[in-house]
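Student: Below, each chain spelled out in residue letters.
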Amino acid sequence: MRFGFSEDQLQLTGAVRQLLDGELSPQVRASAEAGARRGALWKALAEQGVFALLIPEEHDGLGLTELDAAGVLDELGRAAAPGPVAETMFIAPRLLSGSPEQLQALAAGQLVVAVTALPGGYAAHADIADLVLVLAAEEVRAVPGGAAGPDVQPQVDQTRPLAAVPRGQGTVLAAGAAARELVAAARNYGAVATAAQLVGAAARLLDDTIRYAGQRHQFGHPIGSFQAVKHKLADVAVAVAFARPLVHRACYSLCYQLPTAARDASAAKAAAADAAELAARVALQVHGAIGYTEEAELQVWLKRVWALVPEWGDAHLHRQRVATALLDEPLLPCTP
Amino acid sequence: MDLRLLPEETDFAAEARAWLVEHVPAETLPSLDTREGFERHREWERMLFDAGWAVVDWPARYGGRDATLIQWLLFEEEYYRARAPRRVSQNGVFLLAPTLFEFGTEAQQDRYLRRIARADDIWAQAWSEPDAGSDLAAIRSTARRADGGWLLSGQKTWSTRAAFADRAFGLFRSDPEQPRHRGLSYFLFPLDAGGVTVRPIRQLDGETGFAEVFLDDVFVPDEDVLGEPGQGWRVAMSTTGSERGLTLRSPGRFLATADRLVRLARDADGEADAVLRDEVARAWIGAEAYRLYTFGTVGRVLAGQSLGAESSLNKIYWSELDIAMHQTALRLLGPRGPLTGHAADAADAGRWLEDYLFALAGPIYAGTNEIQRNLIAERVLGLPRS
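Heads up: the protein sequence lines correspond to chains A and B, in order.
Basically the numbering used here = 1-based index in the first sequence + 5.
Basically the numbering used here = 1-based index in the second sequence + 2.
These are computed hints drawn from the structure, not numbers from a lab.
Beta carbons: idealized from backbone N, C-alpha and C, even for Gly.
Please note that a few of the clues may not be correct.
Unchecked claim - Distance ranges between label pairs, derived from CB positions:
| id | chain 1 | residue 1 | chain 2 | residue 2 | range |
| --- | --- | --- | --- | --- | --- |
| 1 | A | G9 | B | S136 | 33 to 39 Å |
| 2 | A | G9 | B | H183 | 32 to 38 Å |
| 3 | A | A301 | B | G306 | 37 to 43 Å |
| 4 | A | E12 | B | D137 | 41 to 47 Å |
| 5 | A | L322 | B | A140 | 45 to 51 Å |
| 6 | A | G181 | B | T30 | 51 to 57 Å |
| 7 | A | S11 | B | P192 | 47 to 53 Å |
| 8 | B | P192 | A | G9 | 42 to 48 Å |
The whole structure should be built from the sequences, with the hints applied where relevant.
Tutor: See below:
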């Protein structure tokens, strides 16, 4: 029994953090331009091997696991990295596992993938993706990115526009039972990818708010010395500390394809969404009026949280999934 | 990362489970906060000790099995799953003993540890005073120098287990010249000594779980000062550290509650609406998060890191989780929720209500959650002191 990451895994996470800190300017972070979402940063992440993580070695990937990706996803949230990075590196490999050429292109960072399970047919970043994977109940389709029209639905996080994907286009990747299995898996991967980024974003919001509370003075004291502020931040720290192990556990369950994977993915998403919503709420409150501006960079993380919270199902939906596993299905043993 | 158990871990858990299944009393023991129940729980502790299960992680010379932290966690899971009796020796085993291991002389360790493990001595806490609760450093009870020892005087209150316990540990002001945190010493004293008066206090649940302790020139020999005189605050903080951290509230306790809650909801057979199902899921997720977080903590401890103020995160989490889980259970029970164990229609002999009342004390004892939030803010997050 060992619940922690290896030296290699920590090193990989550290390298990605360093890369994102170095390459990602506030301008790029706040931009909706295609260049910001699949430009220089994308190339740098590809060179770092981020898109090759989950691709088997025989397809030019690194042959690593969901556990190796856990820290990377967390960093993507912490940096509010633009573009469909998590979708391409974490969800797409599972959906495209039948196509060696596409796996190779993924590994090289040459295939930008958007994914949607939204009934309306909108996918975040579909406007700039090379390929949009559309999940329906009985069918998985791959639609060329160019098919996404100009019908963009701006959302609160302007760097994450939802673009319409025409129905019935592209090729059918899977149908019937095969599709159901793929869609179920993709939902788990989507929930975990989103959960990990939410935890990372929440941790970043906490750090930035702690720093601000130490600098901002009122009544002659840093506001962080006031108990009303301290207690809010302590609650965020508790929420983040106890959400993160659930994300790691979910990655473990995906990695070893455990029968609890769906339950664990949902537990992670529910806790991460709650923690991130609390972190965003407290961050805004503690920042006060400056936090309520476009000028302050805080808004990037607030809006990322608001955009990611409902993606792949909100906390309530995922708790209902956990409830189904606990209350309606045969009980599973609690370990591993 | 590897969540699989090693053979020596599964074997250990299986051995514990087999013993518990065979020995846990079928009938719930009378409350440990009654004279009879206290002694019945002491007998149970003796059974645990004789079979080697009282203090599994302690060295064999004091009655333990030298179990690893993981094995200890597994034992705790089995213990609560088996619905074994509450640990009347908890103060000694989980609060005093870690401090004795850290600060005690060899003679003190030899004198007390085995007796704690065997429940020969059951210990009470003597921290709070009428004017020193969260502000523990404000204590005014004194220790005056006497020939070969000290004379303790003053009033302690909310002393857990003091109504029936044998001995108590706590802080006294040994140097009135020194300010607050300095000049305190950590004393071990018998509750039947001359000059000690114990007045039991009825708690919210009707039981006498704690008491006032009046001390009037109670003689304590030098050998019963734990740590150096004047270092009491530092010694005591190691106790509250373990109380908040890993040792007091192991995940096993909450996993067992979550498991019972899930079964309660399953038995409700469709009676649980979407809101209650949401709450049951939330409770289960919370217990699972606590288990996983603890595994992470164990990893950090094994890697040589100390827990420190991080244990305040723990304390807030488990105490609030415990309340939430019991509130959900009471909602599931509907009109039967408020029935006590004396009511014929009570579910599970009133255990949910009883444990709910107990859970409500969680955010208050061992340092209120408000104090914990201050500690997190200042010592974990690095926010400026008030």
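Student: Look at each hint and say if it fits the structure.
Tutor: Now for the hints, and whether the structure bears them out:
| no. | hint | verdict |
| --- | --- | --- |
| 1 | A:G9 with B:S136: 33 to 39 Å | holds, 34 Å |
| 2 | A:G9 with B:H183: 32 to 38 Å | holds, 35 Å |
| 3 | A:A301 with B:G306: 37 to 43 Å | holds, 40 Å |
| 4 | A:E12 with B:D137: 41 to 47 Å | holds, 44 Å |
| 5 | A:L322 with B:A140: 45 to 51 Å | holds, 50 Å |
| 6 | A:G181 with B:T30: 51 to 57 Å | holds, 54 Å |
| 7 | A:S11 with B:P192: 47 to 53 Å | holds, 52 Å |
| 8 | B:P192 with A:G9: 42 to 48 Å | holds, 44 Å |
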